[in-house]
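These are the residues of each chain, in order.
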Amino acid sequence: MADNRNAHAHEGHHDLEALRMMGFWIFLITDCILFGTLFATYVVLNGNTAGGPTVSELFEMPGVIAETFILLTSSFTSGLAVLSMNKGNRKGLIGWLIVTALLGASFISLEITEFVKLVHEGAAISTSAQWSAFYTLVGTHGLHVSVGLVWMIAIMIQLGRHGINSVTRRKVNIISLYWHFLDVVWIFVFTIVYLMGVM
Amino acid sequence: MAQRHSAAGAHDSHGTPGTHDSHDSHEAHGSLKSYVIGFLMSLVLTAIPLIVVLNHLLEGKAATLLLLGSAVLQFVVQLVYFMHLKEEGKPRYNLMVLILGLFIVLTIVAGSIWIMTYNKVA
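If you read the sequences in order, they're chains A and B.
Using UniProt numbering, read the first sequence as starting at 1 and increasing by one per residue.
Using UniProt numbering, read the second sequence as starting at 1 and increasing by one per residue.
Just chain B, same shape as in the assembly (with noise of 0.2 Å):
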């Protein structure tokens, strides 16, 4: 039980310069810096398609590509900055899922989109 505890307590100063390092680059990612550019770049990827749409600045299919672009960047941004997905160690069990879930989510957008298109009444 001693034992135990003192464990704990070797686990919870982890805090105390010096003995943090090595501990940080193998659980605790992230460094204000890149949660500073993950936030910055945030904002101007929503501010552009905002502008865009408010002052009518692009039509149709340009504007779409534009607000989708926006998004799927910003999508990525946070992924890399904020949820420090390139940080993971191999195998990369999480990028994996991620990979495979997209797919899905593709597949079910895609298709429900391609499918109910035929099904419009003209």
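So here's chain A without its partners, still in its complex pose (with noise of 0.2 Å):
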């Protein structure tokens, strides 16, 4: 009876979390529209340089390389961390989240040394319509990472402190989609902003 009890209780809550998993890809949907506008920005003004530099000249690919292969490596590693928390080691989720935090903080300052370059050679955000929209749409990404970092150092401190739970089960597994969103949508950018730069 209490069993049964129990388990009722169980799976309401079951369909809570996984409701609020539903939650979370609708959100990330809406982030993907987001992008959508912004990419769809980039591709009408690019090359309206008003006369200054143009991005095959200052793009530098080997940093931007490093970057795309540090941020596909750390959403496997939050693959690795999900795959930890799955088998109940609460070290080795630890451990992986903090490989992926790490990653993504290289990702992010390679990302501002980069742009801090730019600016020194003459790209800066109000240059022309072209570098507007390069770092607004490369910027907001890079927001996101950013925001990503932070949150995924509060959900550590909260499995340090309440182990693997429901709750932080559920808040482990949406991270780690957020972690995959964000590399696919640098896929995007590496393809459409650096590479068919300079093509």
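Keep in mind that a hint or two might mislead.
To be verified - Lysine-lysine pairs mimicking BS3-like chemistry, simulated, CA-CA at most 27 Å apart:
1. A:K171 - B:K33
2. B:K33 - A:K87
3. B:K86 - A:K87
4. B:K90 - B:K33
5. A:K87 - B:K90
For the record, the hints were derived by calculation from the structure and aren't laboratory data.
Quick caveat: nothing in here was measured; it's all calculated off a predicted structure.
Since each chain comes alone in its own frame, lean on the hints to assemble the complex.
As structure tokens, this is what we get:
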């Protein structure tokens, strides 16, 4: 009898967490639309440099290539964190989250270095439509990664305090989904902005 | 309270061998194999366009097509192997929302490009 009730309560809780996952998925799709509009803006304004520097003159691919592989690897390690969690391995989970966060931090520091360099070379956000669109698109992605980093640290603290339960389990699943999503957006930034820019 | 506690305890012990199989198939997706496959495919799909662009192997439309094709393919690979979209139970709300979102994105992007092409001052 008591078992039955527990099972029932557990099922209800489970449904709620599943619904929250679903809600987050809907947010991700709306975020996808946000990036879609920024990509459309970038493509439309591409080439309008108002006599200023063009992207192919200033882009330095080694840094961008490093950023790409770092973010891709961090997407993979966030998946490994979820795997550790599913095995009930809290140490493994937190360890992989730390690796993911460190990779994310190095991505952001490379991006900031790139932005600073571009500004020094005369391509600021107000230089031309080309660079306004560039900084808005790439900067919005960078902002997402930065928010993700803070969020990931908060989840690690919660995991340290409460361990793996249905709530922290959902939170880890969500941050991992978010991280994969950011990597997907970056693939398109890398392709459309950088590769096609220097092509 | 005590009952609730024991229920939570039972939930936490899902990681013990033997009990977590049925649970995994329901909520927790993915295996090491699927993540490794996804990662390797993503690496290859990143390397191909990179090599093509850096060595100027293709030009014009062919290059654009290859680049966009690799990006879209990598998107699909990550959806399947990292985000486990295929393992979703029915009804597949996640997939439906995704398709709706992609439809909106494509409309915005293609529509903007189409309109602005004719706005260019020659």
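Tested hints:
no.: 1; hint: A:K171 - B:K33; in the structure: 23 Å, holds
no.: 2; hint: B:K33 - A:K87; in the structure: 15 Å, holds
no.: 3; hint: B:K86 - A:K87; in the structure: 22 Å, holds
no.: 4; hint: B:K90 - B:K33; in the structure: 24 Å, holds
no.: 5; hint: A:K87 - B:K90; in the structure: 25 Å, holds
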